[in-house]
Amino acid sequence: MVNPTPSSLRTTTLLLFLQLFFTLSLSAQISWPAGQILPSFPAPAQTQDLIMLRESNSRWEAEGSALSHKTGRLESDGWLCQTGIDAANQHMIYGPYDTNLPAGPNVAEFRMKIDNNTANNDPVVDIDVRNATTGAILASQTITRQQFPVASNYTNFTLPFTIPAEHQSIELRIYWRGAAYTKVDWVGVQQNGSSAEMYLFASLKGVVNRTQPRIFSYEGDAFAEGPYTWLQSLGLNWSEVTDKWSLITKYRSEIAGLIVYDPAQIHTVNLATMLAKDRRALVVSPLLLSRLTAAPYNLPVVLDLRGQFTSKLQVYQALYNTYWPNLDHRVLIGLNPEAHKSALREYAAALGAAVIWLDPAIPAESTLLNSFLASMPAGANFMGWWPEEGPGVERSSTYGIPTIASDWCTNLTLHSGTPRTINKKPIPPKPPLQNKLYVAFILSDGDNLQYIEHLMRKLWNNPDRGAVPIGWTLSPAMVDAMPGALNYLWQSSTNNDNLISGPSGYGYTYPNSWPDQQKLNQFVATTETYNQRAGFRVVTIWNTITGGINQNTGQTFAQKAPSLLGMTGQNTGGGLTIYNNTLPGMALSCNYCTNEQAMKDHIASAAAGWNGTSPRFIIIQAQPWQNVTPTSFKNVAASLNADYRVVRPDHIFQLIREANSLPVGDTSFLRGGALQHYRR
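Take 1 as the starting number for the sequence shown in UniProt numbering and just add one per residue.
Worth double-checking, as some hints may not be accurate.
[What the hints assert, rightly or not] Listed next, with one range per pair, are the computed distances between beta-carbon atoms: (1) G307 x S371: 24 to 32 Å; (2) R306 x I545: 39 to 47 Å; (3) P286 x N237: 32 to 40 Å; (4) E254 x S68: 46 to 54 Å.
Treat the hints as calculated values from the structure; they're not laboratory data.
Only a predicted model underlies this, so the values are computations on that prediction, with no experimental measurement involved.
Beta carbons: idealized from backbone N, C-alpha and C, even for Gly.
Can you make the complete structure from the sequences, with help from the hints?
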């Protein structure tokens with residue numbers, strides 16, 4: 001036996017250490033400490049595999065020139081047929097005779113609504129897809145009244161079909177029976193292979209990124225930030241992958257198999273998404289099955305959901321009965337499987353979280369939704385989004401569960417793994433209090449993580465950012481979900497960029513609707529903790545889009561969030577309320593302005609009657625979805641005369657405090673006092 005030399009021992013030790021290091025690196029896990037709102041992912045790889053992930057589809061507006069009509073008429077944004085007015089038993093829509101759709105499987109979409117879905121269950125329309133080149137009907141279906149789940153809301157009806165050859169002329173038709181008011185918004189064709197790929201690669205990202213984020217997808221549209229923006233901002237490198245399918249080969253050793261969803265019951269996609277983590281499986285359409293089970297992938301089917309369910313409700317009842325008892329109840333995710341084909345789906349797949357799409361407005365779905373919400377613990381969150389904003393947020397609020405809007409987040413697995421160090425900046429010195437008209441601007445919707453990831457990041461690059469003070473609403477949940485992004489925003493901010501909390505704290509909720517005071521106390525205390533970590537001193541409070549802050553909510557924030565300088569309410573023109581002698585709550589002068597002129601008009605209205613003998617405070621909140629940008633705020637500020645001073649939101653609350661003999665700085669140790677209410 002040869003005795004090892006010291007150098008060989010060092011070499012062996014080093015090799016064992018490296019083997020252990022790489023083994024641990026590859027087996028890194030998601031962590032979710034008890035004190036965190038959301039989990040942390042492992043640190044992302046320095047070089048990301050960048051893929052472009054987009055769906056190919058075509059759409060034709062019902063009132064557009066590409067479609068023809070034998071009955072009905074134009075009404076605003078759609079084509080309408082009404083009983084007793086329009087001729088029955090005619091095609092209200094036919095066309096567009098498109099010859100550019102690819103041969104093979106596709107899905108036609110017909111977006112329609114009726115005004116009454118309960119009178120009877122008579123046939124309303126017949127939809128079909130016709131090959132105008134050959135005259136063959138490729139697919140057809142009769143739609144009855146009760147197949148519309150909600151009256152007066154548009155519903156998408158899908159019809160799978162196969163184009164037999166290239167350059168066939170395709171006709172989409174809607175035949176109106178004359179039995180009910182029917183309005184068509186648009187018809188379209190999803191190129192089914194590309195739709196199936198969205199689910200597939202979202203699940204691949206989830207399976208791969210849960211141990212280390214290595215795949216970054218760009219899924220952008222007109223609101224998006226650009227494919228390389230966040231990678232550059234976070235200091236990451238990338239390798240652009242031209243063939244997405246090569247990543248299945250690259251990461252084949254991490255994939256155990258396939259879960260096949262049922263296209264006839266599309267909500268099985270959400271069930272498959274939840275199951276993907278434990279099965280280490282990809283979510284797969286039957287269309288892609290033959291390709292994935294053959295070489296070079298040779299992936300086995302570990303679960304086939306086809307034919308197992310006959311309704312949407314049955315899918316989610318099975319999820320609740322069979323799987324929910326063993327899942328983490330701290331999070332529930334809402335994703336529409338017909339719309340959210342990728343985006344947050346990668347995050348849901350990585351977590352193995354329950355994914356649902358239940359509508360509070362539909363009785364049977366409402367009952368099941370309540371069962372989910374009632375079984376969630378204090379401090380739990382609803383992620384993703386709702387079928388309708390108001391009813392969804394209201395419902396979760398009554399259970400003391402905030403909504404962390406995030407449905408179109410595309411790389412939350414990566415963002416959640418970035419370093420948690422957030423280097424905040426101090427508040428600049430406030431201006432002196434004078435007898436002026438003080439105006440603060442706020443850009444809304446920062447509670448929405450996908451807005452922060454996409455449109456806000458695009459607006460952050462506007463050359464006029466920093467020209468005038470702006471309050472940028474953000475989510476305190478970024479501390480867990482997007483810490484690197486929050487740190488980037490702080491480090492690139494100017495003195496005119498005031499980062500504040502969006503509605504209504506660490507999640508979007510209506511605090512007035514919380515019936516459990518203990519849960520509300522916990523929500524506000526957690527918001528305070530996360531605001532301090534994030535560096536936010538102002539919060540916008542929503543109780544619906546027009547509701548003010550009731551006394552109980554205001555007192556709770558005053559007592560449980562002592563670092564706040566102030567909070568805004570949505571009750572336009574409602575004036576100033578001081579809670580607990582410590583916390584100013586100011587109603588916005590415009591709660592959701594859509595353009596420059598609206599901002600100017602609301603400022604003028606709020607300034608009316610001012611005589612120059614005292615200061616007056618005006619807070620304008622604008623929404624970002626209709627092209628309000630930093631340039632818009634700059635233009636509005638330039639239109640104001642010398643009586644006005646445009647200031648940051650934190651500064652306006654410091655000035656409000658000074659004008660009302662409240663401490664201007666830290667209020668941590670102030671307690672007691674009665675409610676005071678002031679109107680201008």
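Hints versus structure:
1. Separated by about 26 Å at the C-beta atoms, G307 and S371 satisfy the suggested range of 24 to 32 Å.
2. Hint check: R306 to I545, Cβ distance near 42 Å, so the stated range 39 to 47 Å holds.
3. In this structure the supplied range 32 to 40 Å holds for P286 paired with N237, their Cβ-Cβ distance being about 37 Å.
4. A beta carbon spacing of about 51 Å between E254 and S68 agrees with the range 46 to 54 Å that was offered as a hint.
In this structure, every one of the numbered hints holds.
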